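Chains as they are written, first to last, in the working numbering: chain A, 589 to 860; chain B, 589 to 860; chain C, 589 to 860.
Think of the hints as simulated: they come from the structure by calculation, not from any bench.
Note that the structure is a prediction, hence the values are computed from the model and not measured.
Please note that a few of the clues may not be correct.
Since the list gives no way to pick out one identical chain from another, each pair is judged satisfied if it fits inside one copy or across any two copies.
What the hints assert, rightly or not - Below, simulated DSS-like cross-link-like pairs (lysine-lysine); rule was C-alpha separation at most 27 Å, straight line: (1) K696 - K830; (2) K856 - K830; (3) K696 - K590; (4) K723 - K602; (5) K590 - K723.
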Amino acid sequence: MKELCAELLEQVRKKRPLVHHITNYVTVNECANITLAVGASPIMADALEEALDISALSSALVLNIGTLNERVVPSMLAAGVAANRAGAPVVFDPVGAGASRMRSEAAKMFLYEIKVDILRGNISEIRHIAGLDSKTQGVDASEDDMRSIADAVFIAKELAARLGCIVAITGATDVVSDGGRTLCIRNGHPMLGRITGTGCMCSSLVGALCGASPDMLLGGSVAALLTMGIAGEIAYKEAGVKGNGSFRTALHDAVSRIDARTLESEAKLYEA
Amino acid sequence: MKELCAELLEQVRKKRPLVHHITNYVTVNECANITLAVGASPIMADALEEALDISALSSALVLNIGTLNERVVPSMLAAGVAANRAGAPVVFDPVGAGASRMRSEAAKMFLYEIKVDILRGNISEIRHIAGLDSKTQGVDASEDDMRSIADAVFIAKELAARLGCIVAITGATDVVSDGGRTLCIRNGHPMLGRITGTGCMCSSLVGALCGASPDMLLGGSVAALLTMGIAGEIAYKEAGVKGNGSFRTALHDAVSRIDARTLESEAKLYEA
Amino acid sequence: MKELCAELLEQVRKKRPLVHHITNYVTVNECANITLAVGASPIMADALEEALDISALSSALVLNIGTLNERVVPSMLAAGVAANRAGAPVVFDPVGAGASRMRSEAAKMFLYEIKVDILRGNISEIRHIAGLDSKTQGVDASEDDMRSIADAVFIAKELAARLGCIVAITGATDVVSDGGRTLCIRNGHPMLGRITGTGCMCSSLVGALCGASPDMLLGGSVAALLTMGIAGEIAYKEAGVKGNGSFRTALHDAVSRIDARTLESEAKLYEA
Numbered sequence: 589m590k591e592l593c594a595e596l597l598e599q600v601r602k603k604r605p606l607v608h609h610i611t612n613y614v615t616v617n618e619c620a621n622i623t624l625a626v627g628a629s630p631i632m633a634d635a636l637e638e639a640l641d642i643s644a645l646s647s648a649l650v651l652n653i654g655t656l657n658e659r660v661v662p663s664m665l666a667a668g669v670a671a672n673r674a675g676a677p678v679v680f681d682p683v684g685a686g687a688s689r690m691r692s693e694a695a696k697m698f699l700y701e702i703k704v705d706i707l708r709g710n711i712s713e714i715r716h717i718a719g720l721d722s723k724t725q726g727v728d729a730s731e732d733d734m735r736s737i738a739d740a741v742f743i744a745k746e747l748a749a750r751l752g753c754i755v756a757i758t759g760a761t762d763v764v765s766d767g768g769r770t771l772c773i774r775n776g777h778p779m780l781g782r783i784t785g786t787g788c789m790c791s792s793l794v795g796a797l798c799g800a801s802p803d804m805l806l807g808g809s810v811a812a813l814l815t816m817g818i819a820g821e822i823a824y825k826e827a828g829v830k831g832n833g834s835f836r837t838a839l840h841d842a843v844s845r846i847d848a849r850t851l852e853s854e855a856k857l858y859e860a
Numbered sequence: 589m590k591e592l593c594a595e596l597l598e599q600v601r602k603k604r605p606l607v608h609h610i611t612n613y614v615t616v617n618e619c620a621n622i623t624l625a626v627g628a629s630p631i632m633a634d635a636l637e638e639a640l641d642i643s644a645l646s647s648a649l650v651l652n653i654g655t656l657n658e659r660v661v662p663s664m665l666a667a668g669v670a671a672n673r674a675g676a677p678v679v680f681d682p683v684g685a686g687a688s689r690m691r692s693e694a695a696k697m698f699l700y701e702i703k704v705d706i707l708r709g710n711i712s713e714i715r716h717i718a719g720l721d722s723k724t725q726g727v728d729a730s731e732d733d734m735r736s737i738a739d740a741v742f743i744a745k746e747l748a749a750r751l752g753c754i755v756a757i758t759g760a761t762d763v764v765s766d767g768g769r770t771l772c773i774r775n776g777h778p779m780l781g782r783i784t785g786t787g788c789m790c791s792s793l794v795g796a797l798c799g800a801s802p803d804m805l806l807g808g809s810v811a812a813l814l815t816m817g818i819a820g821e822i823a824y825k826e827a828g829v830k831g832n833g834s835f836r837t838a839l840h841d842a843v844s845r846i847d848a849r850t851l852e853s854e855a856k857l858y859e860a
Numbered sequence: 589m590k591e592l593c594a595e596l597l598e599q600v601r602k603k604r605p606l607v608h609h610i611t612n613y614v615t616v617n618e619c620a621n622i623t624l625a626v627g628a629s630p631i632m633a634d635a636l637e638e639a640l641d642i643s644a645l646s647s648a649l650v651l652n653i654g655t656l657n658e659r660v661v662p663s664m665l666a667a668g669v670a671a672n673r674a675g676a677p678v679v680f681d682p683v684g685a686g687a688s689r690m691r692s693e694a695a696k697m698f699l700y701e702i703k704v705d706i707l708r709g710n711i712s713e714i715r716h717i718a719g720l721d722s723k724t725q726g727v728d729a730s731e732d733d734m735r736s737i738a739d740a741v742f743i744a745k746e747l748a749a750r751l752g753c754i755v756a757i758t759g760a761t762d763v764v765s766d767g768g769r770t771l772c773i774r775n776g777h778p779m780l781g782r783i784t785g786t787g788c789m790c791s792s793l794v795g796a797l798c799g800a801s802p803d804m805l806l807g808g809s810v811a812a813l814l815t816m817g818i819a820g821e822i823a824y825k826e827a828g829v830k831g832n833g834s835f836r837t838a839l840h841d842a843v844s845r846i847d848a849r850t851l852e853s854e855a856k857l858y859e860a
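The following block holds chain A by itself, in its conformation from the complex:
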């Protein structure tokens, strides 16, 4: 799997897929920049009027409900259905699912109306979507919801099988499952949780990797999370990093510089 992930990183740089995002306005700049840094091309377009045109150009779609409003719900739906028809992978990031009925209902509706290929969230969001009790406190994962890796593995596997998609739970240990095979990633650094947008950026990376290799969605998802985790480790070790601001800068540097060899050698990847 490590070798495959390294190969998939090279593919994204060769193919430079266009990744259509309908996402929140908090972290949209980070998402565009991380998409470029990994070697893909971002387009952020949320108007219903252009959903079909942009979908026709794009290799992947990222739907992120971080600042959901009623205007973009139909845009997300139309873009999702169009991506499904075109065979472009759809990544769904249910930011804050459980924090409001609006988000919970939109998440439910999208999962029903769109064939989501990869569902990526934190443990609180994924617990909520799985129908389990969840102490969602806003958009960050609740510590009460982080129980054990075994618990996350069980949820990811069961939900992936139930929804027929890949489920990626990110946290101190990331868990990725397609219902059959489940992998754990132990890369990363606690600093990734102290700046905004690292979750959203993971979803963008999943879109980029899977957009380049739409037949390798499990590998692409794992490769994306490895990229973020390893980049976080590299960023933290940078000489100039002195706090949240310089860590963020170093993270973008690391993603733009990471190569297949580093990805393969630094990956802390385990079958669950």
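Given the coordinates of chain A, work out where chains B and C should sit on it, guided by the hints.
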């Protein structure tokens, strides 16, 4: 007061309050990151449909009209009223009040319909709200409006008493008043005025500090402005700072690293 | 021309023009910061209700359709017409024109209804607007569309004459024409194409420079692109630059520090 401010900074890190923002899309990422850097958790949610749900989870509300539009006016109103009912402090940042009738009228309406706990703006915005002549030039303070510290002290005190809230005027010298007690802060650096978002970030910090200690609003407001001012001084002294970009990075670093002891020892705080 | 550009850079710092932006939410923070860095003052305001008030205060208008939606189309139109009446230069950045019918039609409509003073885009966008075949792939220029400098010069000149405005095509070599005189700029660095927002920031710089000197639109446009190109070169040479994140930081540093003398001495400017 310095000791209290130091204690309040520790409280925000212990309690990690959720700070609901309905804010502009220009500086929203900076606001989310500075909220995390000081130790709180941000949630940016502007849909009317979820205003009540998000308010129910949150410890403070920040309303910022930097890119106001008609869709979010009812959201701000609903969130404000809900925060009032829940006893969560409401920070109002009247960005550009005076620059357009829309902003001026929205500011007036919010101050009438919502019990604003802390009003934070630059001298031009506060003069406008106080009903004084103001030469607002966009969203930055007009130099013509910066007369003397005595003038700012008078306005802050009078307006605070009139509105029954805390008024915080930020500038080269910050002035904070609850109508009874008025404090001046002489921390900061001119570079803070050369990057976008430092005013908005001050409002986010006020939300974080006051959300953690809702019974200490004057102290929380002063602590927030001290944090930004001292962080600006620290950032400017950083070896790698060579211009606006690296100053911004260093500012986020400094806020994420500042501790209670530094806050207390570096504070340049005077009773007016 | 180099001397004039240097003088125009000094003018923007003396006059500090207010630059009204109706722009996308992806790069809006970068645009605000680069406007401040070059010495002007940004105001981002997209509500129709305040379009006229903000126009009345502003020295230039930047319209950017990077995340166009139906709400802001009338705002852009109203602000454009008001800026025309006031004699404030209007910069139009047709981001992604050709990528969707919505963007293409909006671009066409704005060019018909508003007297655009400076049209700035990449080669794919400008080819599309000129009615030539264009392989627009999202918001980045298509390599197929980058043929030769002679080709870009021909298109810029012809389109400028036809539309009666300045046309600025940015890329490895920038081409700026008012229909009569055409200039090429060979400053810049490939890294500028690897982070998001450098095109948008160019448009903001054009707004700032032309807002300060509305009688010198060709010079102002050239000065703006020289500023970005030279800043990109300076940023790349910075010791701490290790990837996309630190390059972006260094770019903002360089724009905030660039002086008239550097602009004049580093300019690689040729008459076409």
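Which hint numbers does the structure go against, in order from smallest to largest? Result: hints 1, 3 and 5 break, sorted rising.
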